[in-house]
Amino acid sequence: MASSSPPPSSTASRDDDDDDRRQDAMWERRTHARILVSDADAGCIIGKAGSDIHAMEARSGAHIKLSGRGRPLPGTDRRVVLVSGLFRTVMDAAELVLEKLFYLGDQVIDAEATVVLVVPDACCGALIGKGGEVIKSLAEESNAGITVSPHDICYGFHDRLVTITGHLDNQLQAVFLILSELLDDVRYSSSVASMSA
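Numbers 2 to 198, taken from our numbering, label the letters of the sequence shown in order.
Bear in mind the hints are in silico, worked out from the structure with no lab data behind them.
Glycine included, each C-beta is placed from N, C-alpha and C at the ideal position.
Among the hints, erroneous ones may be present.
Derived Cβ-Cβ restraints for the label pairs, each shown as a range [claimed, not checked]:
(1) ARG70 / ALA26: 15 to 23 angstroms
(2) ARG72 / ARG22: 20 to 28 angstroms
(3) ASP153 / GLU29: 31 to 39 angstroms
(4) GLY132 / GLY51: 44 to 52 angstroms
As a list, the in silico EDC-like pairs of lysine to aspartate or glutamate whose alpha-carbon atoms are at most 16 angstroms apart [stated by the list, open to error]:
(5) LYS66 / ASP53
(6) LYS66 / ASP93
(7) LYS131 / ASP53
(8) LYS137 / GLU182
(9) LYS66 / ASP40
(10) LYS66 / GLU29
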């Protein structure tokens, strides 16, 4: 009697197609990232008369906004870079922003600069996972160091800091994995509205 199930290769191919469709759909969803930078780094990102930030927006397709000079994230001495748009444009913009922290032209400023993301406290439990399982797996997959500030120390409007260490490629992979993890959390997507207001 003939089996009604498709051959394994067909099943695997269909699974791959489903994964590809999910990946494509993810790239087209809206999200954001908030990155902490020093005043000096903010100046490099903005450029003369805003030329660099406009160029990064044009290249990535994302919207990039910096908190004003003298308006650091409460609890820190750093300014916030808000990158928003479709997932793919946010990742492209994040790469351009991070390159500004690592490089001056072709010269490496800091081979292992630290990147700090601002994440709502309400989203951090799922990001960390039971016993730290999720954050450990993200660190292993990206080969970057990832730590979350303690839950009893909040910054800004009930935010926590996610610190990422490692080389640029590893940090970008970590940012991708973290944003992917937060994509379905309505508390994360709604937090950008309060930041933009």
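### Message
If you test the structure against every hint from before, which numbers come out violated?
### Response
Structure breaks hints 1, 2, 7 and 10.
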